[in-house]
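Please take these sequences and the hints and turn them into a complete structure.
For the record, the sequence lines run as chains A and B. Residue 203 is where the first sequence starts when you use this note's numbering, and the numbers rise one by one after that. Residue 578 is where the second sequence starts when you use this note's numbering, and the numbers rise one by one after that.
These are calculated hints, taken from the structure and not from any lab test. Check the hints yourself; a few may be wrong.
To be verified - Each computed DSS-like pair below joins lysine-lysine, with the alpha-carbon atoms no more than 25 Å apart:
#1 K630(B) x K684(B)
#2 K687(B) x K234(A)
#3 K488(A) x K419(A)
#4 K419(A) x K630(B)
#5 K643(B) x K209(A)
#6 K643(B) x K630(B)
#7 K272(A) x K259(A)
#8 K209(A) x K687(B)
#9 K272(A) x K419(A)
#10 K209(A) x K746(B)
#11 K234(A) x K458(A)
#12 K772(B) x K687(B)
#13 K208(A) x K746(B)
#14 K630(B) x K389(A)
To be verified - So the derived label-pair ranges between C-beta atoms look like this:
#15 M602(B) x R447(A): 53 to 61 Å
#16 V815(B) x D265(A): 24 to 32 Å
#17 V310(A) x P745(B): 14 to 22 Å
#18 Q263(A) x T799(B): 35 to 43 Å
#19 M602(B) x D442(A): 25 to 33 Å
#20 T666(B) x L207(A): 22 to 30 Å
#21 G355(A) x L591(B): 35 to 43 Å
#22 R447(A) x L612(B): 32 to 40 Å
#23 K630(B) x A463(A): 49 to 57 Å
#24 T617(B) x Q242(A): 50 to 58 Å
Yeah, the Cβ is synthetic: ideal placement off N, Cα and C, and Gly gets one too.
Residues per chain are reported as follows:
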Amino acid sequence: MNKSLKKNLFLAACVLPALILFAVFIIYPTVKVFISSLYQDSGLGNVSQFVGLDNFKAMFQDDVFYIALKNTGFLMIVSGAPTILLALFFAAMLTSGKVKESNFYRVVFFFPSILSFVVIAILWSFIYHPTMGIINPVLHLFGMADLDIPVLGNRNTVMWAIAVTIIWQAAGYYMVMYIAGIDGISKEIYEAADIDGATGIQSFWTITIPLLWDILKTTIIFAINGVITNSFTIVRVMTDGGPDRDSEVLLTYMYKHAMNASFGYAMAIAVFVFAISIVLSIISNKVTGGETA
Amino acid sequence: MKSNRIFDKIIGILFRVVLLVNTIMVVYPLLWTILTSFKTNTEILGNPWVLPKSVNIGNYVSAFTKANIGSYSINSVLVTAGSIILLVTMAVSSAYALARYEFPFRKFIKNIYMGGIFIQITFIIIPLFLLMTRLHMNDNRFWLSLVYAVSQLPFSIYLLISFMKGIPKDYENSAMIDGCSYAGAFIRIIVPLAKPGIITVTIFSFFAFWNEFPLALTLISTDTKKTLPIGLANLMEVQRYATDWGALFAGLVIVLVPTIIVFVLTQDKLTKGMQLGGLKG
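Next comes the structure, spelled out in structure tokens:
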């Protein structure tokens, strides 16, 4: 066997198995999402009928779809924004040099982000539990006994409760990314600002934030996409969309349709979710991009 | 100068108060779970602030005898270990070829994987389920492991390529002059040198696979083949209207303990790896 043939065989053995499996299990289903959304499809039955955009038309007339859309948007704002702000706040504190044991806090705060979403969802269901949970006793402690309600069973509180759970899970993760970013900023810049008489807060706004901007942009996109996908597991385990349909999010709603064998409709929702995640990523990139220049 | 130092001290104290409050908010729920897992049922339903009277392991016993936690645990270990082995084998060899050789479509293949980082598995889970059904791969722990491994390929290849680029080319050249084959040079020279990268990929994927929920929920239907997260979610649903919570808390602790151990042992590498690539999820 000559040398170049040997080399090609070796390279093919390295690359092809993974590539073929990736094409079968990831690329094909991705393409299939878009195609199926145009069909009236019950999934396993062999008859599927081309219906054009009918699934999308039905989707935009579906009240539950709007509830799911509203709830997903709610989580992006009400859990996404505080997650990023808290992460930034803690990262600033831990890199300020005023807390010697900062490594301890970094490790502790990061911990929830490596836990299973199922564990987190169950854990928080108990925290919110009306009789055995720890939220209501805390409220009592502060003299707010009249707020004693089943947090997850009440349509006014359920989404807030889910949002808090997501913040608890995610803030430490973004904090570690910001700490890494801040550690990468040259110390000399801060020293120069210090000599010029800038306070810590001034340096934070004029040095840290602008130099961290690229990482911030990335994490905002991460956070938006994270909320879309992670809300599936959290909602499914904590409330399964209840009470009634009040905590349904887009992916739990998609999943329910698919399990009821209306695959075409489910895939229309999936295409929509795909589209908003891409559009929102582009928008947040554009909005935040203007200030780097 | 002196007032400045006092000011610094006050800031330091203020920071610590805020940090400690957040520490309690992170640690307390976890501690509460562990304590509750040792409580009897009447204690669980009583005051949540009270410590268990004695260390009661009855919940752990019933988790294994009544709630199937034993077989869920074995399945989780099998699936996690299997998918890590599959992933590392595929990702290391792909990354090596893509990072260090020139061949047709190299750029194109690299771009496919880079784009793949943005495909979330939950978006495509339904067509994937239908495909697996048609291929009779559903309800099978091996195929579940394979899908896990494939789903982590883009991120792992991305991370390993940046690692491989840092290894000087001379190493494998001199090995091949010494008569090593391509595969020999790869396994004997490159794999040991890329070990830090492989460890990082292994740690990341351990957490991803051990905790995974949507795929296992969709692709596994027989109870004896289910992994821990699915078993726990089921237990939660069953127990929602019952009052026997003990086994569930024991189950939560059983899922938590391996993650805590791996986290404590690897948190340094984990956060360093995040600077390299940014962990998904």
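| field | Indices of hints not satisfied (ascending) | value | Hints 1, 4, 5, 14, 15, 17 contradicted; others consistent.
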